[in-house]
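FYI, the numbering for the sequence shown is 1 to 119, going by the UniProt record's numbering.
Calculated directly from the structure, the hints in this document are not laboratory data.
You can take every hint at face value.
Taking lysine-lysine pairs in the BS3-like style, the calculated list, with each CA pair at most 25 Å apart, reads: (1) K18 to K76; (2) K115 to K76; (3) K116 to K69; (4) K69 to K40; (5) K76 to K116.
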Amino acid sequence: MGGILIVDDAAFMRMMIKDILTKNGYEVSGEAENGAVAVKMYDELKPDLVIMDITMPEMDGIEAVKKIKAMDSSAKIIMCSAMGQQAMVIDAIQAGARDFVVKPFQPERVLEAVKKALS
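When you get a sec, could you build the whole thing from the sequences and use the hints?
Structure (structure tokens):
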């Protein structure tokens with residue numbers, strides 16, 4: 001199906017990322033508020049890319065990356081982290097994430113990571 005799946009427990013963050021992406025011609029195929037929902041939606045939507053927050057209730061981003069990569073080893077995932085979460089970013093990269101962007105977002109950085117992951 002394609003498109004990009006945005007995963008963040010904060011609705012305004014999802015809105016912000018969606019705004020950056022759609023303004024630049026990317027299609028957002030879904031939004032999830034935690035890792036558990038993200039895994040389910042990944043299976044349904046088969047997105048080209050997932051932009052995943054690290055810290056979320058129920059199932060965090062790292063756990064979700066592991067589950068998605070187990071379903072689809074070629075899954076492309078970019079992590080979003082707040083400052084000071086370097087250790088978690090390393091865990092996420094080891095779990096199979098391609099890249100990460102740090103909050104607060106610079107739109108150029110988000111687009112650069114998306115373009116790199118999709119190329």
